[in-house]
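Engineer: In order, the protein sequences belong to chains A and B.
Each step along the first sequence adds one to the number in our numbering, with nothing skipped, and position 400 is 573.
Each step along the second sequence adds one to the number in our numbering, with nothing skipped, and position 130 is 199.
Read the hints as simulated data drawn from the structure, not as lab findings.
Built from N, CA and C at the ideal position, the CB exists for glycine as well.
Hints may contain errors.
[Stated by the list, open to error] Example chain A residues on the side facing chain B (calculated, C-beta under 7 angstroms, incomplete): (1) 488; (2) 495; (3) 499; (4) 503; (5) 506; (6) 556; (7) 559.
[Said to hold, decoys possible] Derived lysine-lysine pairs resembling BS3-like cross-links, with alpha carbons at most 25 angstroms apart: (8) B:218 x B:127; (9) B:176 x B:197; (10) A:555 x B:238; (11) A:553 x B:107; (12) B:176 x A:555; (13) B:131 x B:238; (14) A:555 x B:218; (15) B:197 x B:215; (16) B:218 x B:107; (17) B:176 x B:107; (18) B:218 x B:238; (19) B:127 x B:197.
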Amino acid sequence: MTSSLGRLLILLSLLVSTTGAVLGYAAGWKKSADGLKWARRFAFTFSLLMIGATLVMEYALISHDFSVGYVAQVGSRDVPLWVTLVSLWSSLEGSILFWGFILAAYIAGATWLTRNEHIEYMPYAIGTWLFSGSFFSFLIAGPASPFQTVANPPMDGPGPNPLLQNHVLMAIHPPFLYLGYVGMTIPFGFATAALLRGRLGQSFLRPLRNSLLLPWIFLTIAIMLGGWWAYEVLGWGGYWAWDPVENASLLPWLTATAALHSALVMERRGSLKGWTVTLVQASFLLTILGTFMTRSGVFNSVHSFTQSSIGPTILVFLAVILIGSVTLLALRIDSLESDSRFEGPLSREGFFLINNLLFVLFTFTVLIGTVFPLVVEALKGKQMSVGRPYFDSMVVPIGAVLLFILGVGPALPWGRASKEQAKRALLPPLIGATIVAGIGLALGVRNPWTIITLAFGGYAAQVTLGQMWLPVVQRIRRGDSAGHAIIDSQLVRGRRRFGSYLIHAGAVIVIVAIAVSSTMRTQQEVRLNRGESATVGGYTFTFTGTDVKQEPHRTSTLAHFDVTKNGRQVAQLAPRMNQYAAMRDPLGTPDVHTTLKGDIYLSIMNIEGDAVGVNVILTPMVGWIWWAVLLMGAGGIVALIPGSRAVALQARSESPVIQGDEVGAN
Amino acid sequence: MNRVVLIAGILITVALVLVLSAGLGKDPQHIESPLIGKQAPDFALQAVGTHETIDLAKFRGKPLVVNFWATWCRPCYEEHPVLVSNAQMMQGQVQFLGVVFQDKEEKIQGFLNERGSAYPTLVDDAGKTAIAYGVGGVPETFFLNKDGKVVAKFEGPIDPDSLQQNIRKAMTQ
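Please build the complete structure, drawing on both the sequences and the hints.
Structural biologist: Written out as structure tokens, the structure reads:
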């Protein structure tokens, strides 16, 4: 009964989205206002149906209705309610349904927000969104149906993959990732509409940029949450392994970040339109590539869903949108470009360009490293894997140069800078660079790349903070009260600007923290009997004993440690080993003590009687990564909050440093 | 029409789709064994229960099924009856050998008492034999022909069809 209802809703959503897509394109072609009205109705109907189908699945999960195929596959009466709720995305079929759900929410939101605007583009945009909607409806209706009827329903099920039950971050990371991934459909729709129309007007930049910024925020946080989860759960003390699926989440983030920057040049100078549109298309295509990577069974990864038959279907979809996008770009890219003079490398837009090229280089580096094993296997029949050495040796220099650009770019004015201007802008931040690198050296940093990163980080930090507070300083000089100046210039008028610099500040911290945490780590494996101690990196770890905790779905053995330094207690840690009913090997959960300075991380290797083998990892600054990414997310939100257009325009003309050049720009 | 965009786009599309489709249908966790077609590494290990040392060379002249397993491995429970029934069925034609990896003798004995056995089970105490065979995880099953050459490797719990198919290979190659 429940299965049939779910299937019916999905079949209807397939019908509605396909019809709506055709209608949208036709309305765009004919420039029909009535057609647009209908396309909108179809978009809302699709959203209702898809959200309805997801609610039906959640109901089936909560009520343990094992006659529904997906529930029989991942449900269990023994797991806590939150695990049951998040089981929706714990396995292949449910995760595609969840994709459909998020897509439906995005389409409804975007259709609603643009109800009175951009009439010339909207039919094409809605058509494109619904085209994507129809593909996912098709997947859910056929190849990856979660609503199969089980003829003889079991009394109970196995529950979701134990790795996913091991930490509450698993309830948060996937929704953020999907909000990031799926959200790229919206700017893709806008970009496709601009290409189909053959123009990209100034007023259409705002929805394009904002619709890109929103999923970018989610994706940024999702990537961090994934790393954090790996760190808190997997027990090897790292947060990034260049695993194909980690790379899959990074790829669209890189192109979207590039697009957000080139969109700014587009807005200021009217140039780079075709390029920005290309990056937006690429971001969406890379999310579909990522979906293929996780679900085709082609890549070996901790994230992979079980082998499934939907790989070819996704590949066909990917090929179709790739061909469509390439053809459209080739046909229309020239009509988007307006002529604008390139002001030479020593200008802000010059550095935007370098930033973009670096992000694209970064994207290709990661993409090639990810698919290279497939190429070798296809050509030579040999198996190989591309590991950390390749990625590190390629990405570390790119990252360092990006950090350098992040410092220099915003210091330069728009338009050509005179030598004098350049000197005035670029020399003072060398103080910041020296201070930060000096602090690093004093604290024992010796790795040359880390020192370079610290110097660039110090440089960028000084520029970022200077730029961030410049409007406030200027206003206080003009006689404003400090409070008013801060609120008005940062949160009212200059919100976008302030938000962007918050993101930059976060990014500087993230890059520095990655450099420090990955090169300054101490790791030691120790074996202790009860009552024994070991000293690692100045900390003394005393194993005080074990105890066993029973839960319905797992049995955990906790090993208790007292951590002291110079005789004073620092922390009590209890890493654990969990034995799940559904899994043959026990699964460890490390315990982490986080401080501003660094983390103390204990992960059990084995417990035998009164002895425990434990991996002790001390990583400086690792917590800064999570917090700084949250700062980036907050900056994104600040920049996203809509302001009235008048305020936005005022804020732009008020931008400091660039006032002289601004006249030419607008 | 911008030719550069078109050509670059088509090149990327074709390359990406070709590479990705080449990967379809393969199991990325599968590792090719470099031993195939080569003489199987020799071993002499103690049998569970009898403590008799059994030498691989002793079985030359008969196709051999060497199954690596452990009592802590759940899929090994699944395949055990398949191996036992086939070993009984093919007694005299094919020799089966179990090699237990990283385990304790009393646990193995308990397992065999409870679930039955039809062929010698050897203890690979230090895991040397498993390393020599490049075992990536248990269970894993190697098929040797009568000359002691490795003809096939199977990863994961074996099903009756794959077992028979690989035995046929070992008998004919």
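Engineer: Could you tell me which of the numbered hints above are not met by this structure, giving the numbers in increasing order?
Structural biologist: The structure conflicts with hints 7, 12, 17, although it agrees with all the remaining ones.
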